[in-house]
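With the hints as constraints, model all of the structure from the sequences given.
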Amino acid sequence: MDATILTTRLLLGEIAENDHAFILELLNTKGWLQFIGDRKVRTKEEAVQYIKKILAIGTIKYWVVRLRDTKAAIGIVSFLKRDYLEHFDLGFAFLPQYEGKGYAFEAAGEVLKRARENHPIVLATTIAENKKSIALLLKLGFVFKEQVVNGKDRLHVYTTQETSKL
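The sequence shown runs 592 to 757 under the working numbering.
Note that these hints are calculated values from the structure, not bench results.
Yeah, the Cβ is synthetic: ideal placement off N, Cα and C, and Gly gets one too.
Do not rely on the hints blindly, as some may be mistaken.
[To be verified] Here are the simulated lysine to aspartate or glutamate pairs, EDC-like style, with alpha carbons at most 16 angstroms apart:
#1 K723 x E697
#2 K652 x D680
#3 K631 x E616
#4 K662 x E605
#5 K736 x E697
#6 K643 x D610
#7 K644 x E605
#8 K621 x E690
#9 K652 x E605
#10 K652 x E701
#11 K743 x D629
[What the hints assert, rightly or not] Between beta-carbon pairs, the in silico distance windows are:
#12 V740 x D660: 35 to 45 angstroms
#13 K643 x K672: 28 to 38 angstroms
#14 R633 x P711: 38 to 48 angstroms
#15 L729 x Y675: 18 to 28 angstroms
#16 F735 x A612: 31 to 41 angstroms
In structure tokens form, the structure reads like this:
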């Protein structure tokens with residue numbers, strides 16, 4: 592997929608080490624900690640290492656979502672292959688002050704559209720309590736597929752194809 596993606600209001604660029612301040616902030620927001628989990632990233636150095644780990648794995652793609660006009664980093668969209676899922680997984684997270692403005696729908700929708708050119712089935716996971724993410728997944732056209740247990744997490748898996756077609 593493209594390294595840089597433009598939408599009407601957004602610029603999505605591949606994550607880079609110089610995104611460490613934004614990643615440090617995002618990974619320590621209430622929403623990330625509650626719905627995604629504590630990655631124990633508390634310093635600039637830990638944020639840089641977190642990004643290096645992402646960049647070193649070939650099956651992970653992270654885009655930093657920026658406002659086109661100010662270039663301010665507001666969120667991420669990810670596309671990755673998880674060991675416990677059969678297909679690639681779409682993910683997203685945004686700073687709280689940018690939620691509810693349609694940015695996640697715009698960014699994730701564009702990544703999903705491009706991903707489906709090579710991956711007819713795309714999955715997404717979340718926990719049942721993450722109502723905002725579930726609402727966005729449904730708006731993007733995902734449907735609930737199943738519940739899986741991964742370690743201590745009980746995840747709801749959504750798919751771009753109805754389960755009867757899988």
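Here's how the hints hold up against the structure:
1. K723 x E697: It holds: about 15 angstroms lies between the C-alpha atoms, which stays within 16 angstroms.
2. K652 x D680: 10 angstroms, holds
3. K631 x E616: Roughly 12 angstroms separates the two Cα atoms, so the pair holds.
4. K662 x E605: 14 angstroms, holds
5. K736 x E697: The hint is violated at about 23 angstroms.
6. K643 x D610: Holds, at roughly 11 angstroms.
7. K644 x E605: The hint holds at about 14 angstroms.
8. K621 x E690: 13 angstroms, holds
9. K652 x E605: Cα-Cα ~7 angstroms, so holds.
10. K652 x E701: With a Cα-Cα distance of about 14 angstroms, the restraint between K652 and E701 holds, given a limit of 16 angstroms.
11. K743 x D629: 13 angstroms, holds
12. V740 x D660: 35 to 45 angstroms: The hint (35 to 45 angstroms, Cβ to Cβ) holds, given that V740 and D660 are roughly 43 angstroms apart.
13. K643 x K672: 28 to 38 angstroms: The hinted range 28 to 38 angstroms is violated for K643 and K672, with Cβ atoms some 19 angstroms apart.
14. R633 x P711: 38 to 48 angstroms: Holds: the Cβ-Cβ distance is about 40 angstroms, inside 38 to 48 angstroms.
15. L729 x Y675: 18 to 28 angstroms: Once the Cβ atoms are compared, 23 angstroms apart, the range 18 to 28 angstroms for Y675 and L729 holds.
16. F735 x A612: 31 to 41 angstroms: Cβ of F735 to Cβ of A612: about 36 angstroms, so the range 31 to 41 angstroms holds.
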